[in-house]
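Produce the entire structure from the sequences given, and follow the hints as far as they go.
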Amino acid sequence: MAEKKNTAAGTGTRAKGPLAGIRVLDMSRILAGPICAQMLGDFGADVVKVERPGAGDDTRKWGPPYVQDRQGNPTQESAYFLSANRNKRSVAIDMATPEGTERIRQLARRADIVLENFKVGGLKKYGLDYESLQAVNPAIVYCSITGFGQTGPNAHLPGYDLMAQAFGGIMSLTGEPDGSPMKV
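For reference, each letter of the sequence shown is one residue, going 1 to 184 in my numbering.
For the record, the hints were derived by calculation from the structure and aren't laboratory data.
Using N, Cα and C, we set each Cβ at its ideal position, and we do this for glycine too.
One or more of the hints may lead you astray.
As the list claims (entries may be wrong) - Here are the simulated SDA-like cross-link-like pairs (lysine to any residue), alpha carbons at most 20 Å apart as the crow flies:
no.: 1; residue 1: Lys119; residue 2: Glu131
no.: 2; residue 1: Lys61; residue 2: Ser83
no.: 3; residue 1: Lys124; residue 2: Gly100
no.: 4; residue 1: Lys125; residue 2: Asn137
no.: 5; residue 1: Lys124; residue 2: Ala139
no.: 6; residue 1: Lys16; residue 2: Asn73
no.: 7; residue 1: Lys124; residue 2: Arg86
no.: 8; residue 1: Lys61; residue 2: Pro74
no.: 9; residue 1: Lys119; residue 2: Arg89
no.: 10; residue 1: Lys119; residue 2: Leu162
no.: 11; residue 1: Lys16; residue 2: Arg89
no.: 12; residue 1: Lys119; residue 2: Tyr142
As the list claims (entries may be wrong) - Here are the simulated distance ranges between beta carbons:
no.: 13; residue 1: Pro177; residue 2: Arg52; range: 40 to 48 Å
no.: 14; residue 1: Ser83; residue 2: Arg52; range: 50 to 58 Å
no.: 15; residue 1: Gly168; residue 2: Glu77; range: 31 to 39 Å
no.: 16; residue 1: Asp178; residue 2: Ala155; range: 34 to 42 Å
no.: 17; residue 1: Gly72; residue 2: Arg52; range: 25 to 33 Å
no.: 18; residue 1: Asp178; residue 2: Pro53; range: 46 to 54 Å
no.: 19; residue 1: Gln106; residue 2: Arg52; range: 12 to 20 Å
Here it is, written out as structure tokens:
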């Protein structure tokens, strides 16, 4: 499995800080989870981000803007991805395979924190939900970031920026006076 380390300013050094020695297994993607895990890494935690083989996090290709290399040439590295994933090591694991789920369980066995932002119950089918991972690591802190919490009438819905703006009412303040609401 290839592992890639994203460090601040490309220095190749790990941050030191109050969370040094804390191990985080980051199974999140897009924004809320990656930013949370990045902040833990900023404070010195050792963060391992799980990504899909051959594709990585969806935001790896989001752009423009894309990062330029040292000669100013364009690359395919998304500035968005890099801005939300510094101070992490990445590993490609296919959680849809028995080998992949076992590898994630091995990482969870050594982790202090597991962070994910799948829809409620989304990891249960892989045996990577809180109950399953607590069985291999009873001390695990399991952080599940969702748009609408774990219970309630909207718990099953995905939580994206557009939905938060609509539910929060900010979109009613934007757009043309007689037109439809508009995303900020």
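message: Given the hinted pair Lys124 and Gly100, is their Cα-Cα distance within 20 Å?
response: Between Lys124 and Gly100 the Cα gap is close to 14 Å, so the pair holds against 20 Å.
message: Checking one constraint from the list: CA of Lys124 to CA of Ala139, max 20 Å. Satisfied?
response: holds (19 Å)
- prompt: Does the alpha-carbon distance linking Lys61 and Pro74 stay inside the 20 Å limit?
  reply: holds (13 Å)
message: Is 25 to 33 Å respected by the C-beta to C-beta distance linking Gly72 and Arg52?
response: holds (30 Å)
- request: Please work out if Lys119 and Tyr142 have their alpha carbons no farther apart than 20 Å.
  value: The given pair, whose Cα atoms are some 14 Å apart, holds under the 20 Å limit.
Beta-carbon spacing of Asp178 to Ala155 - inside the hinted bounds 34 to 42 Å or not: holds (35 Å)
query: Are the Cα positions of Lys61 and Ser83 separated by 20 Å at most?
result: holds (13 Å)
field: Distance restraint between Lys119 and Arg89, which requires alpha-carbon spacing of 20 Å or less
entry: violated (24 Å)
task: Assess, step by step, whether the Cα of Lys119 is no farther than 20 Å from the Cα of Leu162, and give holds or violated.
output: Roughly 16 Å separates the two Cα atoms, so the pair holds.
message: 46 to 54 Å was suggested as the range; check whether the CB atoms of Asp178 and Pro53 agree with it.
response: holds (49 Å)
query: Measuring from beta carbon to beta carbon, are Pro177 and Arg52 in 40 to 48 Å?
result: holds (44 Å)
- request: Look at the Cβ atoms of Gln106 and Arg52 and judge whether their distance stays inside 12 to 20 Å.
  value: holds (18 Å)
Hint compliance for this structure: hints 6, 7, 9 and 14 are broken, all remaining hints hold.
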